[in-house]
Each structure stands twice: as C-alpha cells, then as structure tokens.
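Asks: Dock chain X against chain S, hints included.
Residue numbers (my numbering), protein chains in the order written: chain S, 148 to 495; chain X, 14 to 356.
Source of the hints: derived by calculation from the structure; they are not laboratory data.
Fair warning: this is a prediction, and the values are worked out from it, not measured in the lab.
Among the clues, some could well be false.
[What the hints assert, rightly or not] To give a feel for the contact side, a few chain X residues facing chain S, derived at Cβ under 7 Å: (1) 173; (2) 174; (3) 176; (4) 181; (5) 187; (6) 335; (7) 343.
All residues carry an ideal CB built from backbone N, CA and C; glycine is no exception.
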Amino acid sequence: MTVVSVKALASVHRSVARSRRSRGLWLALLIAALVVLTILSVTIGTRDVAWAEIAAALGGAQETIGQAAIALRVPRTLLALLAGAALGLAGAIMQGVTRNPLADPGILGVNMGASLAVVIGVAWFGMASAQAYIWSAIAGAAGAALFVYTIGSLGRGGATPLKLALAGAATSVAFSSLVIAVVLPRGDIAGGIHAWQIGGVGGATYDRVLPVLPFLGIGFAISLLSARKLNSLALGDDVAAGLGEHVAAARAVASCGAILLCGATTAICGPIGFIGLMVPHLCRVLIGVDHRWLLPFSALGGAALLLAADILGRIVARPGELDVGIITALIGAPFFILIVRRQRVREL
Amino acid sequence: MQPTIERLALNRRRRTRRHRTAVLTLLILVGLLFGLTLSVGQSIVAPVDVLRILIGEPVAGASFTVGQLRLPRAGLAVLSGLCFGLGGAAFQIMLRNPLASPDIIGITSGAGAAAVFAIVVLQMSGPMVSLLAVGAGLGVAMLVYGLSFRNGVGGTRLILVGIGVSAMLQSVIATILSTAPSWSLQEAMRWLTGSVNGAQSQQALPLLLALGVFGGVLLSRARDLDALRLGDDTASALGVRVAQTRMVVIVCAVGMIAVATAVTGPIAFVAFLSGPIAARIVRANGSLLLPAALVGAILVLAGDYLGQVLLPSRYPVGVITGALGAPYLLFLIVRVNRTGGSL
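Extracted from the complex, chain X is given alone in its bound form:
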C-alpha cells in the first residue's frame, strides 16, 4: 500500500508544481508585455525611467507619453484580457465545449449592442453603460439557453442558436451605428471589433470591480467547475450542487464579459482562444481558470502591441485577434472533424 500512496502523493505534488510553474511563467509573460508596451512605442523610454514614472517621479519628455497614454492603455488591455479570458474559459468548461464561448454564442454581441445603444442613443457614460451591458449579456444568455432548450439543452443546438442570435445583434449594432448622428470610423471600429484606443484611467474602475467581485467568486468555485468537466452526474456524485454552480458561473462569467465589452468593445476571439490555449499549457495539471485569464491578458496585450507598433499601419486590437483567432477556430473544427469526436 505504502508505495502506491507515496506515488500518488508524489504525482500530486508534481502536478501542483507544474501548475505553479505554468501560472508563474504566464505571469512573467504578462509583466514583460506590460513593460514592453510601456517602454517601447513610437518613442523608446528606458525601463529605469518607466519605473520612476510608475512611482510618481516626473521624467522630462516621457511622463505624459508613459503615464497618460501608455499606462491606461496597457492597464486596460491587461484588465479586459483577464476578464475575457476568465469569463470565456468558465463558459467553455461549464458547457464542456470550446465552441460555447461567449463571443460565438452571442453574449458579447448582446453586451456590445446594449453598450452602443446606451452610448449612442441614450447618451449615457460610465458605470450605467456597464450595468446595462451586464443586464443585456445576462438577458442574451438566458435567451440563447431558453431557445435551445428542447428535452434538455443540446450543445449543437445551443451553438447554432447562439450564432443566429449573434448575427441578429450584430445587425442591431450596425443599425445603431449607421443611424448615429456623428459617425466616426474609429468609434465604429471599437464596437465592431474592439479596441483599447483612447484609454483613460477611470475606465479601469468597472473592470477592477468586475474582476474583484465576479472573478473572485469564479476562482473560489474553481473546484466545482473542474468537477463539472466530468459530467453533471459525476459532479453531483462528488458533492457539487450542479444547478447552483451553473447559475453562479453564468452570472459571474457573463458579468465579466459584459463589463469588459462595455469598456473596450467586443475584442474578437479572446474569450474563445484563452481557454484552449491555457489547456494546452497546463494540460491536466489543475484548474484552467487562472491560466486562461492570464492567457487572455497576454493575447490582448500582444495583439494591441502588434497592431500599434509592429505593423506598418495601426490597427485596433480586435482586428488582430480576429485575424489570428478565426484560423484557430477553423483549425479546431478541422481537428475535431478528423478525430470524429463530438464538438
């Protein structure tokens, strides 16, 4: 007996260690990209100067660029990436299907449509927009779930219904934008593809709140969520209250996605990509939530940096993640089709 138990314990320790290493590596990557965004742009600011600006010292010629332009932008990218990654992965784990991510089944478009309506038609701003977006996101989630309910919710039906709802909401967004009194391509791009252009530091507040409240609850439920991956029956046999967990996860995940969408617009495919990429990194060594959130932050930071600095002309981050994410979605479909597994 003894050797078996020892082996199990060793195995568990090894898995925990691997999980920790993965999370740590991702954290370092986020830090590096954050630093890169702050220091290297159209002009290069030495890392020492960046640090001095961060602790509040004035640096001639760089304070404004780093403190007022780059810091809010990078901060917003990290926070929204965390929200998208965490919310998306929670959905994918709960529905046991990588395609059931909020940006494919219409939740992101719902939040986006509400935000556009609030801003363009009702001329609201700040926290009210976020609240409305959260409400609309929840409404769309319920709608899609209800519409795909027929002797239980089939995964296939849920995704197809979601695609339909999403198409409709997209055209609502297009309608509102095209009838808007002052139509600017920049502003429209934000709501069509998502961008962190023109970031301001007060925009971070709703994101921080969402991360603290919804993200905290989600992470505290990580164990239950992992049990749900085994199937509802097994999970409830393991002592998880399935219906309650599902409700909590839906509210929290939708909340995070909707708040992030209200601030940055629907940054394409970050919610969809984070989970699968994180799953490849941590494999079966533990919870997927934290790594997925970090991957989300990395995607938004890297996409924004690519669009701002590395490419010959400037693109909003959503265009970059959309152009990179769609091939991955196709790849996923091809792979699933090849192996003949169910989606």
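Isolated chain S (complex conformation):
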C-alpha cells in the first residue's frame, strides 16, 4: 500500500512538474508568436514599406507616405493587441462564471448590448466624447449580460448551454434590429455606425485608444485577481461554498471585470465576436483548467488571435481590407459548431 501510494505521489509530482515545464514552454511560444505577429502587423498592409523607412517611422519621422502608413499601423496594432487580450480574458471569465462552454461576449449578446447603448447615445443624445462612448457601452454590456443570464437561467436545470446560447442569440437579433431601427432614419450617422457595427480595429489613433486604457486596466486587474475564485466555482456551488467562498459575490466581481473589458473594447472596436469563445478552449487544451494560468494565457492568446485575424483581413482582400469582426466570425463559427458537436456539451 505504502509503496503504491508513494509511487502514485511520485507520478503526480512528475506530472505536475511536467505540466509546469510545458506551461513555461507554451508561454514562451505564445510570447514569441505575439512578437512575430506584431512585427508582421507593422510591416504588412496595402502599401509595401521598406525596412529603412519602418525604422525611421518608428523613430518618429513622418516625411514620406510609407512612414505615415507605419504611423497608422502602430496604434492599430496596439489596439488589436489590447482588444484581443480583453476579449479573450472576458471569454474565459464568462465561461468560468457560467460554467458554460458556449459562453462568449458575442454569443451572449453582451457586445450587442454595448453597441445598442452606444448607438442610442449617438443618435438621441448627440454623444460625441470618448468617455461617454465608453460609459454607455459598459452600461449596455452590463444590462445585456444581466438580462441574458436572467432569461437563460430561469426554470429547471439553471443556465444550460442551450438556454444561454438561445437567449443570447435572440437578444442579439433583437438588439441589432433596434440598432438598425435607431440608425436608419439618420443618414448622417448611418455610414459611420455601420462601419463600426461590423467590428474592426482599422483607423485606430492614440487619441481614441488612450481614454479607454484606465477602464481596460481596471478590468484586467479585477479579472486576473478573480482566478482563485473561479477555480473554487469550477468545483460546483456547493463545494465552493463549503470551501468558504462567497459564491454570489465571487460571480458578481468576476462578471464586473468581464463586463468592463467587453464594454470598453466594444466602445472603440465595435462588437467583435468569437474571440472569447475560441481562445479559452484552445488554452484549456494547452495548459489545463487552472484559472490562475488559464486567464493570463487567454489574454495573451486573444491578443495573438485578434492580431492574426486583423493581418489576415489585410492580406486576403488586398488592396482593400476585411474588418476583423468578419474574419473572427468566419473562423469562430466553425469552432462553435465543433464545440457543440462534442458530446459533453453540458459539462465543463
């Protein structure tokens, strides 16, 4: 007996050590991928720019058209990284809080709620400042999240994946109808809103990105700090309560973080879907279910995925470009179907 248990213990230790090593390896790979993607994102675009010019542009020169192009690509890349990290992290939090593999800010209608709030603010209240955009987007995201979760968790069985996904899809359709209804009579804002509505990081400037940074910062902090709570929640509400966790409070705090991230991202990029769905699932395959690792990995992975999607959008439609929201939906929807097809869709 003793020998067996010692052996078992040793094997557990070995596997823990191995998973630690592999985590380190994946982390290094992910960071390397991020660096490569960042370089690609600055160099690839409609206009080919020579390396010398890129170097000059990064130094602050803006004399030639090429250098000006680079000066546009840098904030765009930064925004893609930030938005991707926020969405990936928000997706991981939502999947953890609802214990639902289909949870995603796009599918649950949270991003659509944020955009409805922004559109109403622009159309009816003449909202123009970045602060107003962000606050209304966050309010809309919070309202939508609460609404969808309430509807999805009514009745027997709580918030099952089907009920949540359906409630989210229905809410999304309703909100997008309302967005159209608000925008359509106003030709003056329709074009701009439509471009924003598809979801993209093109046209980013430092002026647009800066005001959102504090919100994202607070969102990242709250989200990353709730990793331990999510780990307890993953054991089930009863066990979590038994471990001394205040279940409802833990859910509320973590959700607040996710909503801040989604709302702030939607305010500048428009609703971008499926990043929050794909990234946590991929990261779980790589490094397991421990949220202390999963959350930062999801953030890094989201940043990489969104940036890659943005670069892809610039390559496939040259000399034009496809908005990143379209690319993520084209990649993400098959992924969604893949998860649905897996038999144990109810469990997580």
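Replies: Below, chain X without anything else, positioned relative to chain S:
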C-alpha cells in the same frame, strides 16, 4: 355505442367548422390588409377607385401610385409572407420544435448569402438568383443536418449548430456587401433584414411558381406532416412513410423559403413566428399549414404597412418584424424554461 359515435362525429364536425372559421377569418384579414395597403398610404385612394384600377380602368392621379407602386408591393408582401409562413411552419412541425425554424437554423441566411453573391459578385438577376438560392438553402439544410448528426439528430444540437452556421453566413453576407463596388444602405438593408421596397410585378413570378409547386406538394402532405407531430414511431405505425415524407418536406419548405429570400431578403422572424401564432389560433382543430401561411402574409403586410405609413420614419419590413419577433422568441424561451418542458 351509438351515442359515442355520434359524439365523435359531432366533435369532428365542430373541429372542422372551427378550423374553417379560423382560416376564413385569416383570409379576410389578409384581404383587409391588402386593401388597406392599396388604398391608404401617403395619399388616400377611395376603395372604389382602387377596384376600378384593379380591373384595368385608368383613374386620374391614382393609377400610377396604386397600380405601379402599391400593387406590386402588396402582392410581393402577401406572396413572400405565404412562402415564409408555410415553409417555416412545415419545418417546425417536422422537427417538433418551434425553435427549429429556417431563420434560426441558418437556411434563410444561406439562401440570402447565395442571393447576395449571385447579385453582387456574379451580377445575375431573375430566376437564376432564385435557383442558386434554393440550391444554397438545400445545401445549408443538409450541412446543418449532417453536422448535428451524432447517434441521431438531437434537437438541441441541431439548433445550436444552426445558430453557428447562421452566424458564419451572416458574416459572409457582410463581407460581400462591404466589398461591393457600389454600396447603398437601402440595398444592404434588403439583404440584412429583408424588405419589399422597390417591388416590381415580375418579381412575383418565382414566388407564384414556388407557391404553386412546393406549396401545393406541402399542403397535399399536410396529413402525413400532422402525423409526424405524434413522433416518428407513431407516425410510421399510422402508415406514414417517415423518411420519404421528411425528405419531401425539407425540399419543399427550403425551396419556398429560399425563393422568398432571394426576392425580398430574409424578412426576420416571419418563418419563426407564423407557426406558433397559427397554433394559438386554430389550437388542435386541424392542420396548421394553411393558417400559418396566412399568418405569414398578415405579418409581412402589417409589418410593411407599419414601417411605411404608421411610423414617423420609413423602415423596411424586416426591421419591424425583427423588433417584434425577438421579444416573442425570448418570451417563448422564458415560458418553456418556466414549465420545464424540453425545447
């Protein structure tokens, strides 16, 4: 024995009568809305004049408005509504699930994506667009069915797979529209939400054909379809060839939905709403198909009228039906969740 049989016969007669009354009432409603669309718009044309225009007499100052603008529009609204209602209800009955309607499981988006591709990229028009849309609709139906097949098709999985496929096709539509050379909001709205703006009378032809062929076949199979509501085993015990019926229903329903989508765009939620509303009206008194088709026509007519005339600014019909239909979908989810029944 005698009293029982008599009671049964009486009961049956009563149910048939109720069904007839329901259908008749719906028909009258369609007629009224049709007349309203023709006579009352930005300008009001007296019903007598409308009738004179309909039989071909020229009426000064109204012939163009009624004959060239309103008549094609109202006709298209009725025909597409019939197609959406009938096709949607057939799907819901066959899969025994109100959520399995073509606009939720992606068939409408498939037909819409094909139509947009045909019109914007291939620059086709007329019947070819409809054909392509039908092909794409069938393809998407097969795809969703195949993808959700795993030890039999689970209703839940089918709907979720459909939502995923639908999301993807929506972004295909968005892609094509955003790369289109001449991008107009009006045209984009048609393909994003559905509208009967700019209706022309020759557009009615594919719809009439679809209604005649596919709709006729569907209505002739109404009895088999009703038996399918009892479950596959019971239906086959009653002498229904389940697999064959299912195949026929899928082809016909998808055909109607796809043709209608190719003409008017995906008018949101009409296919989804018609069946449940018709079920509330006729209850268990008989086939749901004809009432559902009429309800579809009423929804499109009323939605279009609301969007054109009654609201302060003009909206395409799809925005109206979308804004009204989504709360009903939510209500349905809430009710099903409350009662704890399976979806």
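Asks: It remains to establish, for every hint, whether it holds in the given structure.
Replies: The hints, checked one at a time:
Residue-level restraint check for residue 173 of chain X holds (minimum Cβ-Cβ distance to chain S is 4 Å; threshold 7 Å). A hinted interface residue such as residue 174 of chain X counts as satisfied when its beta carbon comes closer than 7 Å to some beta carbon of chain S; here the least separation is about 5 Å, so the hint holds. Hint on residue 176 of chain X holds. Least Cβ distance to chain S is approximately 5 Å, under the 7 Å limit. About 3 Å separates the beta-carbon of residue 181 of chain X from the nearest beta-carbon of chain S, less than 7 Å, and the hint is met.
A distance limit of 7 Å between C-beta atoms decides the matter here; for residue 187 of chain X the minimum to chain S is near 6 Å, and the interface restraint holds. With its C-beta approaching chain S no nearer than about 3 Å, residue 335 of chain X sits inside the 7 Å limit, and its interface hint holds. Interface restraint check: residue 343 of chain X against chain S, minimum CB-CB distance 5 Å, threshold 7 Å, status holds.
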